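We have chain A; now place chain B onto it with these hints.
Those protein sequence lines, which keep their order, are chains A and B. Each residue of the first sequence is one higher than the one before, counting from 1 in full-length UniProt numbering. Each residue of the second sequence is one higher than the one before, counting from 1 in full-length UniProt numbering.
It is possible that some hints are incorrect.
Each pair may be met inside one copy or between any two copies, as identical chains are not told apart.
[Said to hold, decoys possible] Derived PhoX-like pairs (lysine-lysine); straight-line CA-CA distance at most 25 Å: (1) Lys112 / Lys98; (2) Lys98 / Lys32; (3) Lys328 / Lys55; (4) Lys433 / Lys209; (5) Lys57 / Lys335; (6) Lys295 / Lys207; (7) Lys456 / Lys209; (8) Lys57 / Lys295; (9) Lys347 / Lys57; (10) Lys32 / Lys77; (11) Lys55 / Lys295; (12) Lys57 / Lys47; (13) Lys328 / Lys47; (14) Lys326 / Lys382; (15) Lys22 / Lys254.
In case anyone wonders, no lab produced these hints; they're calculated from the structure. Given the structure is predicted, the values throughout are model-derived calculations rather than measurements.
Number of protein chains: 2
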Amino acid sequence: MSKGITSKNDDYSQWYNDIVIKADLAEHSSVKGCMVIKPYGYSIWEKMQAVLDHKFKETGHSNAYFPLFIPKSYFSKEAAHVEGFATECAVVTHYRLKNDGNGNIVVDETAKLEEELIVRPTSETIIWNTYRGWIESYRDLPLLINQWANVVRWEMRTRLFLRTTEFLWQEGHTAHATSQEAVEETERMLDVYADFAENFMAVPVVKGKKTPTERFAGALDTYCIEALMQDGKALQAGTSHFLGQNFAKAFDVKFTSKEGKLEHVWATSWGVSTRLIGALIMAHSDDAGLVLPPKLAPIQVVIVPIYKGEEDLAKISTFVDVLMLKLKAMGISVKYDSRDSQRPGFKFAEYELKGVPIRLAIGGRDMENKTVELARRDTREKFTVPQEGLDIYIANLLNEIQENIYNKAYQFREEHITEANSYEEFKALLDDKTGFISAHWDGTAETEKQIKEETKATIRCIPLNNKQEDGVCIKTGKPSTQRVLFARAY
Amino acid sequence: MSKGITSKNDDYSQWYNDIVIKADLAEHSSVKGCMVIKPYGYSIWEKMQAVLDHKFKETGHSNAYFPLFIPKSYFSKEAAHVEGFATECAVVTHYRLKNDGNGNIVVDETAKLEEELIVRPTSETIIWNTYRGWIESYRDLPLLINQWANVVRWEMRTRLFLRTTEFLWQEGHTAHATSQEAVEETERMLDVYADFAENFMAVPVVKGKKTPTERFAGALDTYCIEALMQDGKALQAGTSHFLGQNFAKAFDVKFTSKEGKLEHVWATSWGVSTRLIGALIMAHSDDAGLVLPPKLAPIQVVIVPIYKGEEDLAKISTFVDVLMLKLKAMGISVKYDSRDSQRPGFKFAEYELKGVPIRLAIGGRDMENKTVELARRDTREKFTVPQEGLDIYIANLLNEIQENIYNKAYQFREEHITEANSYEEFKALLDDKTGFISAHWDGTAETEKQIKEETKATIRCIPLNNKQEDGVCIKTGKPSTQRVLFARAY
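Extracted from the complex, chain A is given alone in its bound form:
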């Protein structure tokens, strides 16, 4: 069966799109820039949500829900924030439609809002306006809240999962008594994201800080995790912001300290989105389709019977039923596909396309030999395995696959961080799509901008605990004390 997937060496962008569509993850909707997340894609998001939600709760956070709409004037209250977000957004101006008498449904001009409402692009403003009523004393702090929600940022050029007008995300918004506590929270949540990316998504990440130019609009410091895709482009997989007292001042949120002083509160915010599904696809998949790490695979094991008649099938099914009970008891998600409307070869191709980590095929001869045929999605190896102890074998193999997928991505990433010591070298590396480039930069926004304009490469981050070394900026030759990570990015 031809799956109709473009080879990633021929056209990486088309390869990505083919996988999203053919593996039934998502599609463009008829509403410009908005996607439909299909059941299989959404089930990956549910897996991600479950893990992250557990981690947020473990670190003391509670979920809450704030309004979708934000009054226009709120955006003006934090100067940097409005520049960053108010420009491209969905504006609600009316609250009624009517029939114009000729059978057309039109906007009712008599139902115009006094103040326009913005569909939230992010919720700092509405949340800090609410926190003013929740915080009085140091006893109310820290306030540790997360929201799972949809947000809208008007995008002209969209790509499924990676950049869409509407997307799903979580946004944490916390309030603290001191700057230090807020910084600790910012770093704690960055670690949560890094742990999730590496140990669940199997995607190695570099933890770092953004340059002032790349900071979140309204933040004093933006921390990020940066991942590398197979085409050598970087992808920002999560951000955690130290907001200082900017929003507390803009929305007048003060607390009485233990010492009885009235002070502004310190803030953080942090978020990851359905963009992570894009990262997951691009980090591991191949020309045969999706490759999913077992910990986020909606189906971890699929079993396909190969049979000639009903009697044959009955024997296989009896064995499978017991195996499935054992696997489920270990928390392994398993599917038995005994449909008679499709041939085994078709099913093999389908589950390969969908990235199911382990496929078992069981035929009459396997039943006689007390074996099964097992295929690994990550290595595409097939081998024969005894039925005895199969449940334990599978549980161990899932761990091994998880590890292997991570190691492969880690090795790729390590091979794709290159040092450049001149601008010529830097540009040549970019042309070769070699991934992250570690280079000296003079620390000015101007140089950063020039490099971006000339090469489309941006500073992805200044890695945390970065090695200090004397050098000269690749662009200006001015002195520099550390290398930073450049790349072209999604």
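Chain B in isolation, oriented as in the chain A frame:
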């Protein structure tokens, strides 16, 4: 401690509002008609979601996600639907703000949408427009999909949880090959809702069908579950719609049947919302605050130590640590409140207000006697219980409380269904706030409308498996073959 809750006999509406605010469930936001769901309120919603989501998956449904925005023209495609929903809705007309040069943020008139977008009030139109691409053959059916989402219906008069401009809900949208299968699905999901209301919310419900007037805009039949609140008013707690082929025809969704014929698909949709939290509050709570059924209580057991010094506390805590491990192992959520900033009496009042089903208080004398003091929230009884076997005692008591709360609500409901045999009797019963009124109706929309205008009572439903009996309409005296359930409603 005065909790500042209005007595429900004095002012039921204010009592409800006081509980929502004082128990920290939700508050009005600064955006007209939109609420903020606070962490404690949201945690009840999470409990509800978990149970419902499991039930949906058990019955074969998958989650997916469709766009927030719906092009205006989609609403015109199903005639009844546009009348029902397009009138009061949030309309997005622009996609950019700009600085007007004087420091004001204004709508950028050059960024006007060609076609306005409606913030979804419900998603039938956008979903059926999408299903057209997903359904070709009978093999693609049934298509069983659910969405968890926010929706917006512009409301002039709002009440926390019960009626808000934005609310959270789930909406199931299914496609079937035959009318019969779609009707079966409609009824199956009604049963899921009824089971959830009765066995988790502890709220008895009447299952029935709406009259044509009260049907969902675009449905051939609307099934509902109707609950009775303590003030004698009814509350529609969930609906399940048989949509026939209306949306399939409006959006041209056809399939090739097994017999090779091209036919329109049959549809259902069904939903429950954060309104259920309002029902939960109103069905069980009292003047001391919220009463939560254990199965939906975020905290099922709270433990308050009564101690004089650190040594005292250490002894109690050692016992509590072991107890908590045992309770958690049984899946019971338990909180130990050993804060020294608040006195036990304050804590007692707080957890009573928040509806925690079981409260344990443990002091020095209890430790000597190997007992604890246990208080039930539902009956407000206190008694002394031996420490030995306490975990099993608590597990059993939680079940008993769940049952008791249901039985109390059931008894109340049974005592508040009254037959009326004349219009005078009917009106007198309404004035006495006696709950559901079972009465004969001539079956016409005109009579239904007159009764509603004159008494504010509506036909809540025609109960399923309704007893057939000859009678005469209370309003017109015309012949009738069955009684229907009337009530004033939320």
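Each hint tested on the structure:
For a Cα distance limit of 25 Å, the shortest separation of Lys112 from Lys98 qualifies both inside one copy, at 13 Å, and across copies, at 19 Å. Both within a single protomer and between protomers do Lys98 and Lys32 lie at most 25 Å apart by alpha-carbon distance, with minima of 24 Å and 22 Å respectively. Both within a single protomer and between protomers do Lys328 and Lys55 lie at most 25 Å apart by alpha-carbon distance, with minima of 23 Å and 18 Å respectively. Taking the shortest alpha-carbon separations for Lys433 and Lys209, only the intra-copy value of 23 Å comes in at or below 25 Å, while the best inter-copy value is 63 Å.
Taking the shortest Cα distances, Lys57 and Lys335 sit within 25 Å of each other only across copies (14 Å), while inside one copy they are farther apart (30 Å). Proximity of Lys295 to Lys207 under the C-alpha cut-off of 25 Å is restricted to the intra-copy arrangement: shortest distance 22 Å within a copy versus 41 Å between copies. In this assembly of identical chains, Lys456 and Lys209 lie within 25 Å of each other by CA distance solely inside one copy; the values are 20 Å within and 62 Å between copies. For the identical chains of this complex, Lys57 and Lys295 are neighbours both inside a copy (19 Å) and across copies (20 Å), given an alpha-carbon limit of 25 Å.
In the homo-oligomer, the alpha carbons of Lys347 and Lys57 lie at most 25 Å apart only across protomers (23 Å), although the nearest pairing inside one protomer, at 39 Å, exceeds that limit. Taking the shortest alpha-carbon separations for Lys32 and Lys77, only the inter-copy value of 19 Å comes in at or below 25 Å, while the best intra-copy value is 30 Å. Proximity of Lys55 and Lys295 under a CA criterion of 25 Å is satisfied in both settings, with 15 Å inside one chain copy and 24 Å between copies. When the C-alpha separation of Lys57 and Lys47 is checked against a cutoff of 25 Å, the pair qualifies both within a copy, at 16 Å, and between copies, at 14 Å.
In the homo-oligomer, the alpha carbons of Lys328 and Lys47 lie at most 25 Å apart both inside one protomer (16 Å) and across protomers (23 Å), since each shortest distance falls under that limit. Proximity of Lys326 and Lys382 under a CA criterion of 25 Å is satisfied intra-copy only: 23 Å inside one chain copy versus 45 Å between copies. In this homomeric assembly, Lys22 and Lys254 come within 25 Å of each other (Cα to Cα) only across copies, at 22 Å, whereas the closest approach inside a single copy is 52 Å.
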